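Protein sequences, first through last, are from chains A and B.
Per this note's numbering, the first sequence starts with residue -10, numbered consecutively.
Per this note's numbering, the second sequence starts with residue 1341, numbered consecutively.
These are calculated hints, taken from the structure and not from any lab test.
Computed from a predicted structure; not experimentally measured.
One should not assume that every hint holds.
DSSO-like, lysine-lysine: derived pairs with alpha carbons at most 27 Å apart [stated by the list, open to error]:
1. Lys73(A) - Lys1573(B)
2. Lys0(A) - Lys122(A)
3. Lys1463(B) - Lys1343(B)
4. Lys1498(B) - Lys73(A)
Just a sample of chain A residues kept apart from chain B, beta carbon distances all over 10 Å, derived [to be verified]:
5. Arg5
6. Ser34
7. Ala84
8. Asp89
9. Asn95
10. Gln117
11. Ile132
12. His144
13. Met158
14. Ala159
15. Pro250
16. Leu269
17. Met285
18. His303
For glycine and all other residues, C-beta sits at the position ideal for the given N, C-alpha and C.
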Amino acid sequence: MSVNKKILEVKGLNIRFGSAAAAPTVEDLSFDLRAGETLCLVGESGSGKSISALSLLGLLPESAHATADQFMFDGVEIDPKDTKSLKALRGEGVAMIFQDPMSSLNPAFTIGYQMIEAIRLAPNISKQEARQKAIHYLELVRIADAAKRMDGYPHQLSGGMRQRVMIAMALSRNPKVLIADEPTTALDVTIQAQILALIDDIKTELGTAVLFITHDLGVVAETADRVAVMYAGRMVEAGQVAEVFDNPQHAYTVGLMRASPRTAARQRRLNDIPGSVPELRDRPLGCTFAPRCAFMTPACQELGAEKTVQVGTHLSRCIRRDELGTLLGETHV
Amino acid sequence: MFKYISSRLLASVPIVLFVAIFVFLLSHLAPGDPAALIAGENATPEQIAQIRDRLHLDEPLVTQFGYWFSDILRFDLGNSIFSNRPVTELIAARLEPTLVLTSLTIVLTIFLAVPAGVIAAWKVNSTSDRSIMILSVLGFSVPAFLIGYANMYVFALKLGWFPVQGYANLSDGVLGTLRSVALPAFTITLVFWALVARITRAAMIEILQEGYTRTARAKGLSEGKVLFVHALKNAGVPISTVIGVGIAILISGVVVTESVFNIPGIGRLVVDAITQRDFPVVQGTMIFFSVVLIVVNLLVDLSYVLFDPRIRY
């Protein structure tokens, strides 16, 4: 995987709402993305996954501001505050598919109109060429009768079909990065598996880098090469999927895994993580997860406990990461 | 579609009937004997009785109404008491100025109010949003005749851009006609646009939060296309609805401004007929306006098909 070219490199991304002095909603987020690779961002609702993704496209709400120590796209440095340069990335640089396929397509325009319009944003493409291309991509995402579907409206399609159209529309621009924001959450399980397989195929075939946002660890296991776990605006753990799943080095990741119906299949009942995600203004000093953590020590709540420690490709923001394995063995949950 | 239109038209007959009952009773509740009015001051009692007989004024109210309404259904609105000409003919003769005035008003309103509403929604709670909303409240709360005289004073008397009063026929040149109705149309627009701008803003605020707006932006469309193509088409249904509902306001605006600007349209016809107690004309124009309202509302409902493919008739 490491032979592939780095497409996206983000270091120290902060996103604040309101004033520049406000507490950051997303704090010190760093990740990179390579061609043909899937990185999964995992976390609860409100952990900052979607907002981080939207910031890559300059689609943050007006009250939000993004800053970063480094933001490189395909070898070019971009200022994340510079919405204009980010807008230039939309479509051909970064394409995005969204959680709710029922509302992501415009009900007032035909599928064909919406696809051709996207394709023709690239220079020098005739309507006829664009139409052919649109049909080609609809076939690529396995939509039957693609030519006929072009003249149909979104309301004539099921949720799964609409998500396929969204994927086809995103891919029709040959984006270097595809952001998929919980693309299967609103779909049936069987359709979900098809969509996941489709994204995986496309990644392999076209060499697109995929940033996959989900809260479902089962989905991570199926799709990701690497995973980054987010909690309350911070990335608490990141690494290769096998590394993180086999040897989690943050108590929050462990909690997530135990709360997941698939990875916790052998347990009699699911474990929840006690407490709830802290409000932005109530974030504790040190490790954000400390108040909910079973292995908290006084040192966890001191400034500096939130620092990232990297061992090989495996990152964690836990100061007890080396003891965690032993601690987990003792609790027998 | 055809079936829908015909069933809607059939359903409007009871509505017209209801309006007719109201209009009929209204003029019969008013004091004065129409027969004496028609006969004039020097008429003999015999002449008056003759007229009463001709107009069925001595028969029961229900019978009178029956005569009158069956005439209406045959598109006969009776004759004017004063000119003795058929009311339908009077309306037809006055139709052109009113039609030109209202069409220009609707066009002006759409071109002013829709972009204003879109921009207000786009920059919601900003200074431009607030200014647009304050302007629209002003247009709605200041009486039309006041706006009319103010416009006349500034643009006709002081600046001399437009004629002060009167109407130039289309047959004498379109440009002259447009110049003559420009100020009155602008006056009604100031009243009418407030409604349309507000509805546009409200609809657009909601639409701009929708997933498909985000999709349109994410795929790299220009903000103009996002607003005026993707979002605006979805606002088409509420906007055309409010334009249809606003036709009633438009008609009352037309009546007032035609008097202010001395335009010989249907509005003036109504005002003159009321002051002269020319009952058949008052009744006839009221029936005419109600039919216009019914037809406009039907057209508005049909226009939904243009904006929302999920609607089928």
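Evaluation of the provided hints:
1. Lys73(A) - Lys1573(B): holds, 26 Å
2. Lys0(A) - Lys122(A): violated, 36 Å
3. Lys1463(B) - Lys1343(B): With a Cα-Cα distance of about 44 Å, the restraint between Lys1463(B) and Lys1343(B) is violated, given a limit of 27 Å.
4. Lys1498(B) - Lys73(A): Violated, because 47 Å separates the two Cα atoms, which is more than 27 Å.
5. Arg5: holds, 20 Å
6. Ser34: For Ser34(A), whose nearest Cβ neighbour in chain B is about 17 Å away, the distance exceeds 10 Å, so it holds.
7. Ala84: Violated, because the least Cβ-Cβ distance between Ala84(A) and chain B comes to about 7 Å, which does not exceed 10 Å.
8. Asp89: violated, 6 Å
9. Asn95: violated, 4 Å
10. Gln117: holds, 20 Å
11. Ile132: holds, 18 Å
12. His144: Violated, because the least Cβ-Cβ distance between His144(A) and chain B comes to about 5 Å, which does not exceed 10 Å.
13. Met158: About 7 Å separates Met158(A) from the closest Cβ of chain B, which leaves it inside 10 Å; violated.
14. Ala159: violated, 8 Å
15. Pro250: Nearest chain B Cβ is 28 Å from Pro250(A), so the label holds.
16. Leu269: Correct as stated: the minimum Cβ-Cβ distance to chain B is 22 Å, above 10 Å.
17. Met285: The assertion about Met285(A) holds, with a minimum of 39 Å to chain B.
18. His303: holds, 32 Å
The structure fails to meet hints 2, 3, 4, 7, 8, 9, 12, 13, 14 from the earlier list, while all remaining hints are met.
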